[in-house]
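Okay, here's what each chain looks like letter by letter:
2 protein chains.
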Amino acid sequence: MGCTKGAIGVVGTNGAADGGSVKETVGVTVDGIVEGRVGDERWLGCFAPKIKPMHLKMSHGFTIRAKGMTVSNDFKAVEIPHQWYNLIADLPDKPPPVLHPKTFEPVKPDDLSPLFPDALIKQEMSSDRFIDIPDEVVDIYRLWRPTPLIRAKRLEKLLNTPARIYYKYEGVSPAGSHKPNTAVPQVWYNAQEGVKSVVTETGAGQWGSALAFACALFGLNCEVWQVRASYDQKPYRKLMMQTWGAKVHPSPSTITEAGRKILQMDPSSPGSLGIAISEAVEIAATHANTKYCLGSVLNHVLLHQTVIGEECIKQMEAIGETPDVIIGCTGGGSNFAGLTFPFIREKLKGKINPLIRAVEPTACPSLTKGVYAYDYGDTAGMTPLMKMHTLGHDFIPDPIHAGGLRYHGMAPLISHVYELGFMEALAIPQIECFQGAIKFARSEGLIPAPEPTHAIAATIREALHCRETGEAKVILMAMCGHGHFDLPAYDKYLQGNMVDLAFADERIQASLDNIPQIV
Amino acid sequence: MGCTKGAIGVVGTNGAADGGSVKETVGVTVDGIVEGRVGDERWLGCFAPKIKPMHLKMSHGFTIRAKGMTVSNDFKAVEIPHQWYNLIADLPDKPPPVLHPKTFEPVKPDDLSPLFPDALIKQEMSSDRFIDIPDEVVDIYRLWRPTPLIRAKRLEKLLNTPARIYYKYEGVSPAGSHKPNTAVPQVWYNAQEGVKSVVTETGAGQWGSALAFACALFGLNCEVWQVRASYDQKPYRKLMMQTWGAKVHPSPSTITEAGRKILQMDPSSPGSLGIAISEAVEIAATHANTKYCLGSVLNHVLLHQTVIGEECIKQMEAIGETPDVIIGCTGGGSNFAGLTFPFIREKLKGKINPLIRAVEPTACPSLTKGVYAYDYGDTAGMTPLMKMHTLGHDFIPDPIHAGGLRYHGMAPLISHVYELGFMEALAIPQIECFQGAIKFARSEGLIPAPEPTHAIAATIREALHCRETGEAKVILMAMCGHGHFDLPAYDKYLQGNMVDLAFADERIQASLDNIPQIV
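As given, the protein sequences belong to chains A and B, one line each in that order.
Position 488, counted from 1, in the first sequence is what our numbering calls 470; the numbers after and before it change by one each time, with no gaps.
Position 502, counted from 1, in the second sequence is what our numbering calls 484; the numbers after and before it change by one each time, with no gaps.
None of these hints come from the bench; they were simulated from the model.
The reader is advised that the hints may include incorrect statements.
Because identical chains cannot be distinguished in the list, a pair is counted as satisfied if it fits within a single copy or across any two copies.
Unchecked claim - Keeping only pairs whose Cα atoms sit at most 20 Å apart, straight-line, the calculated SDA-like set for lysine to any residue is: (1) K76 - F86; (2) K229 - Q477; (3) K474 - D114; (4) K229 - K474; (5) K90 - L125.
With the hints as constraints, model all of the structure from the sequences given.
Structure, rendered in structure tokens:
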């Protein structure tokens, strides 16, 4: 890794990060641990990537142990953040209110209490800038946090790009993605308020696994409606949830009224996140001592995920890098928000000026082809109305492999940030994503889940653009999970059997017509 | 976590670790990183597990970020070892030589060169105490190292034991186990010497995946013979290897003479590691520019794995703990040796005195029911003769789920250490192992591979014994991999369909009779 100066305070183009001033050099101790990150009023600058060889007399005959130590990739030596960040506090315009589905009035905390514990409702409506992470939650975060920030040196070499590519890897969590970052606090707050059972939906299975994991730790019952397409494609995800003690149903199911309705219309329905949400919400609303948990979309979920970006800011500071482009995939948007929101805060302060880029599948392009309107979060229309980019609450995306991105809407807070112009979006078809994933797996060594392959494909596009222009941009990518349970999708790609499902604009017209008219 | 004094210098019973003298308190910086690990002539002692809340003014509005920080579980802040450790240098008696399969004379480096590159042959025969890890290898280790050392607080609570249980978790590697620790250097040394292709066997698929991963990074061709039982039980492992670009064959296969012979005798042979080794060795010996890689057993493999134990020693020092019992599972023995050999060095010095305990499956009990004799490493008798604990080179274990432990022999170096009395061994049947695994998964949150469930079951036995005696022993356990690809085995267990395959002593008599008679 070159010793690059951090470009702090430079507001301007997203070109090379070589400009800018370095305020101070980071101290480095002999054992390779970076000091001086606490109490500094600066975006930290350059430091020597390699410590000179030291020949020290050490304990237990560990002579010369310190020889050749590098700190170049040792991003792990930052502390876990102890506060989540709420972007709403820093936005120039506040997001539109969430509306009651019957009265069309802004929802009150009481309206949400059949579904969520009070602490989470408070977070959902909070405009506090920082919210303390409970110690018990941090203690469990330590199982996998801090997650690594990795320089993709071998991918850079493969692409022959002058860009410097970094990825923040959340796949080291026990459930294999960023989802436990919010599953753990959600279950913890429920447990604190005496809730005995939680129910949820899951698309790719990542969220259901994360919730099953968290419930196992806190002794809550867990019941999951897994989108049929994913239930069939990913049997191991179901087994993982069951190993942690959860009950799993394919969705649509015959257990709920919402599920039965869908099955009447289409007995072979592949399901969708919207349908599975309806089923879980129905159960929570009709059962005592049972609450509902959502894996994305809502403010409190995005809030919990900001632990990713807060940690990443410190890691990038520690190596003296400043991102020029930040790329993440979006389904409901929690992983994307988790990484980017803390950076958007820095951007709003004028300290850095990265492009923030969301990537969605062409088969489910809510940001790039949806409308910005009030719509339901679920298919049956049981949730409050949220102003968001939506393809219509009864739109059922094709069963692409990135099951976690098959959601008709977008987190209202991301939609708002998009409308404010603080980020951009593009859609990429799945074959290009898997092409990128194979490049990534064979150069970087990690097999990505189908969802982050969208971020990888967009990163490769940007890196190849840099090769043309000669710009040494710093690209930061959200690598939100591993693909251990998605290997049949890789097999399909490697056998040449994967297809790009064409997105028919006329198909969404029908579902767009069903969006409620809120004046 | 209690603030326990390290019991350094206390040679005696394996009772409570509360005795002993503490020479110095570790310094702790404000950001929770432990200092003073370099250049110290001590086993580090007690330090405060929690830093008092600090209210610091930080950059970017991160006020009060430092509040409530704990270092109690922050084991990651040690550097990656830059040398492997060779236990042979410190043994009072040297291990018996490896013999040529035809001449019965000790093998010379030239005898091994059809199979291995010179650098690895040199390591195989080395008696140097420490061997430098190449910088390029350390650079790749950084993808997952240092691996976490985790206190199993929730399991302790579940078992209501006074014991303190720690596990060193190697499942964070891209291939999901400890195996990449040796796959990466093996492929790197081969690449340095211009080798274009490597071949290997794999049992559970962990080793094959690790080698495929390493080959992808260095651009070598990789061909893997996967034991039939595992090939059928774990289709995802095959897909993982293919995703990294490897070719995978079920073993026994019709490609090799060794495979064809076995299939003639038993067309539905479940295969064994011994057979798969024969197949891979045959291909390496008969193809130009193709070398063979082994995932366990050999000295250089065990050597590479000592990165686990070296790292763990530093991590335990940093928290002021001294292990009373160290437990690991053994198949070929590389994970067990990797964790324990550096601790055995400390034990030989009289600095600590832990019990070192190997756990094997009752279906393949080489240490507890095998003989200590010269035998072949493979079924066809193509490898050199090694003095080891063996069930006979043509013993084919039942297809238990812990495929990685289905090896007829034991690493010669572990066998020697066992004979010297520096460690003990026991065998546990698989149902008890999966019972333990479910307890572990639902309390600690990680789903173990079937192999380390043996270590977990033995750890639970020890912890329950501590509950009876009231001893607050420190148990250190090798948790060598995750079970993401073994979920059908969990399903079988949860459905009540798992059986304990009885081990018939008379069954091994036949294979023991085939062990060559070396006088």
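To see whether the hints hold, each was checked on the structure:
| no. | hint | verdict |
| --- | --- | --- |
| 1 | K76 - F86 | within (19 Å within a copy, 82 Å between copies) |
| 2 | K229 - Q477 | between (34 Å within a copy, 13 Å between copies) |
| 3 | K474 - D114 | neither (44 Å within a copy, 42 Å between copies) |
| 4 | K229 - K474 | between (29 Å within a copy, 16 Å between copies) |
| 5 | K90 - L125 | neither (36 Å within a copy, 47 Å between copies) |
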